[in-house]
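*Asks:* Sequence:
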Amino acid sequence: MASQACTAARALVASAHRITVLTGAGVSTDSGIPDYRDPDGPWTRDADAGRGSSLEVYASDPVARRLSWHTKLTSPVWTAQPNAAHRALVELERSGRLRTVITQNIDGLHQKAGSDPHRVLEVHGTLHTTVCLGCGATGPMRDALKRVAEGEEDPDCLRCRGILKSATISFGQHLDAEVLRRARLAALDCDVLLVAGTSLSVQPAAGLVPLAARAGAEVIICNAEPTPYDDVAAVVLHEPVGDVLPDLSSVPPSGGGTFSSWGDPSTWS
Numbered sequence: 003m004a005s006q007a008c009t010a011a012r013a014l015v016a017s018a019h020r021i022t023v024l025t026g027a028g029v030s031t032d033s034g035i036p037d038y039r040d041p042d043g044p045w046t047r048d049a050d051a052g053r054g055s056s057l058e059v060y061a062s063d064p065v066a067r068r069l070s071w072h073t074k075l076t077s078p079v080w081t082a083q084p085n086a087a088h089r090a091l092v093e094l095e096r097s098g099r100l101r102t103v104i105t106q107n108i109d110g111l112h113q114k115a116g117s118d119p120h121r122v123l124e125v126h127g128t129l130h131t132t133v134c135l136g137c138g139a140t141g142p143m144r145d146a147l148k149r150v151a152e153g154e155e156d157p158d159c160l161r162c163r164g165i166l167k168s169a170t171i172s173f174g175q176h177l178d179a180e181v182l183r184r185a186r187l188a189a190l191d192c193d194v195l196l197v198a199g200t201s202l203s204v205q206p207a208a209g210l211v212p213l214a215a216r217a218g219a220e221v222i223i224c225n226a227e228p229t230p231y232d233d234v235a236a237v238v239l240h241e242p243v244g245d246v247l248p249d250l251s252s253v254p255p256s257g258g259g260t261f262s263s264w265g266d267p268s269t270w271s
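Per our numbering, residue 3 is the first one in the sequence shown, and the count goes up by one each step.
Please note: incorrect hints may appear among the correct ones.
Stated by the list, open to error - When the alpha-carbon atoms are kept at most 27 angstroms apart in a straight line, the in silico DSSO-like pairs for lysine-lysine are as follows:
no.: 1; residue 1: Lys-148; residue 2: Lys-74
no.: 2; residue 1: Lys-114; residue 2: Lys-148
no.: 3; residue 1: Lys-114; residue 2: Lys-74
Since the hints were derived computationally from the structure, they do not count as laboratory data.
Owing to the predicted nature of the structure, the values given are computational and were not obtained by experimental measurement.
Could you put the whole structure together from the sequences, leaning on the hints where they help?
*Replies:* Structure (structure tokens):
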């Protein structure tokens, strides 16, 4: 990685004290998790595969729920391992410069790689937890999937017999207001926003990029294809994220040494 853009990105990371990272599906594809919106993704190849991603359809159609549970049971998420991009962000965090990872991914691979869970904001929720649409009770996804594997096609809530779903944000469902508040704060309070593996086509996550830029942050975008926000970025890289993030994480601070931690982001107000 010796291009002028790569050199500029390295310089920005070297001088940064507060880095916020925004990640998308492209960060997890090297772990064997497909981008569901990709032209070759499962939602494109099978029109029924994505029906359960609509909250209205999921809540009203038992057939869609059964298909959704079967899809979850065989999801590559359960066997996926963190890749070089995930591990690079852990190293950047350990250097004291990475403050927050805002991810659109639901696979939990940032935490599995070793990222501090308090510093990972999952704006689209997580596949590792279930939630009842009736009483709001939550639980481990593995417990629900065990029931599916044992023959329950549409497991319900054991507390109230309500409809059970993954704790992911479905189409037609509001994002978690507190997670979104913390994500906006992280975008406002960084000197570098590093965007990796996302087309920036989904709001409100994509809107964090101009928000950070207006607040004075330098924006680095690394994605295979152009994004709608390339014009606000200081640096745009079309290199693989599995190459870019390890390279950037290896850049030492321009002043030498490491920066101190900023404490637990869950306590920010």
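*Asks:* Report the numbers of all earlier hints that the structure fails to satisfy, in ascending order.
*Replies:* Failing hints: none at all.
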